[in-house]
Amino acid sequence: MATPETPPHDEHGEIAVSSQRVERLLEIFASVTAGDYSQTVEVSGEREDDFTPVEISTNFMIEQLVYEREQNEAKQAELERSLDTILKQRGAIEELSTPIIKIWDRVLVLPLIGALDTRRSQNLTDALLTTIAATQTKVAILDITGVTGVDSAVANHLLKTVASVKLLGAQCVITGIRPEVAQTVVHLGVELTDVRTLSDLAAGLKWALDYLSLEIREKRAAPKKPNGTNGK
Amino acid sequence: MHPDFPRDNPHSFTNARFEPPRVLCMKLEGEMTPDQAAEIYENLTLYSKETDCLELLVDLSALKGIPPAAREALARLPHEVLCQKLAAYGASATVRVLGSLLLKIFPHIRKSKFFKTEQEAREWLSNGDA
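Each protein sequence line maps, in turn, to chains A and B. Anchor point for the first sequence: position 138 equals 137 in numbering that gives the first Met the number 0, and the numbering is continuous, going up by one each time. Anchor point for the second sequence: position 98 equals 97 in numbering that gives the first Met the number 0, and the numbering is continuous, going up by one each time.
Hints were generated in silico from the structure; no laboratory data involved. Warning: the hint list may mix true and false statements.
With a Cα cut of at most 20 Å, we get these calculated EDC-like pairs of lysine to aspartate or glutamate [what the hints assert, rightly or not]:
| no. | chain 1 | residue 1 | chain 2 | residue 2 |
| --- | --- | --- | --- | --- |
| 1 | B | K112 | A | E41 |
| 2 | B | K103 | A | E62 |
| 3 | B | K110 | B | E122 |
| 4 | B | K115 | A | D48 |
| 5 | B | K63 | A | E41 |
| 6 | A | K101 | A | E214 |
| 7 | B | K63 | A | E62 |
| 8 | A | K74 | B | E71 |
| 9 | B | K103 | A | D49 |
| 10 | B | K115 | A | E214 |
| 11 | B | K112 | A | D48 |
Predicted model, so just to flag it, every value in this text is computed and none were measured.
Let's have the full structure, built from the sequences with the hints guiding it.
Okay, structure coming up:
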């Protein structure tokens, strides 16, 4: 980079540099090593020599480090925003995936669909117990027709849910256990003898009405009057 | 003349102008952007098809700098030799150093040199393989 105006190399191709300039570079390198990119080399346009490119290049390197740090911070912020969105969406999905339906006075139904993991089971129990307490429910029907997989942790959690519901003075019925789920539960050695299980939701509802001493009867047609009207 | 690039293109970023038989003149102004970097490459690619011995004459007197984003854009360009000689003039010390550094990783140009004036730059270009 030597120009006609700058000092040439000596005969050995070496240049003379003041220790002050070298010290200044070392200070800046030390700062960069510690993550401080705020310092740069002051380059005078009037005194340009063969060491000047080293000083200018140092400034370019620091500039690149600052740029990359800013890029990383921007990406980090974007990732955090995406994560926040995912968490919110997960919350919404969980809310939608643990619906609690009041199908009759004092009768709740929880139709569960999809995979049932520990987190979802816990959310289910929390929501169910809160609703039972708030609505004086007497029967809660857990319909797991749509549940695809249950492991031992989840099976045990369901047992605890049933026990918790009983402590609140309500009955808990599990309906719709699929054959593969039944096999899994038996294989896992989980005891369901204290749990009332029925084939499907309709059977569960019938049991609930029986428990509440309710029955459904077909409407009878009103008797006809002698003049052909229906008593109106 | 290549139909995609007119001889005089005053609206382009690089003010590219071709001087037959082989010199492509450019003037770079302000701070280079990734779009300008892409245009420089496009210029080289198009005009390298006009001649086997494309030479560049680049006025850097108005170039303020090449920020990291533009440097990255230059570094990402396909590596192929497109130009035999580059003569740049009018650059500040900072731009000269940066240009020298970038030319080490920008193998599209076989030989390059910086000059103070346009006349010196043109003389070097016309001196064959000097």
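Checked hints:
| no. | hint | in the structure |
| --- | --- | --- |
| 1 | K112(B) / E41(A) | 25 Å, violated |
| 2 | K103(B) / E62(A) | 19 Å, holds |
| 3 | K110(B) / E122(B) | 15 Å, holds |
| 4 | K115(B) / D48(A) | 16 Å, holds |
| 5 | K63(B) / E41(A) | 17 Å, holds |
| 6 | K101(A) / E214(A) | 18 Å, holds |
| 7 | K63(B) / E62(A) | 15 Å, holds |
| 8 | K74(A) / E71(B) | 17 Å, holds |
| 9 | K103(B) / D49(A) | 18 Å, holds |
| 10 | K115(B) / E214(A) | 103 Å, violated |
| 11 | K112(B) / D48(A) | 17 Å, holds |
Of the hints listed earlier, those the structure fails to meet are numbers 1, 10, in rising order.
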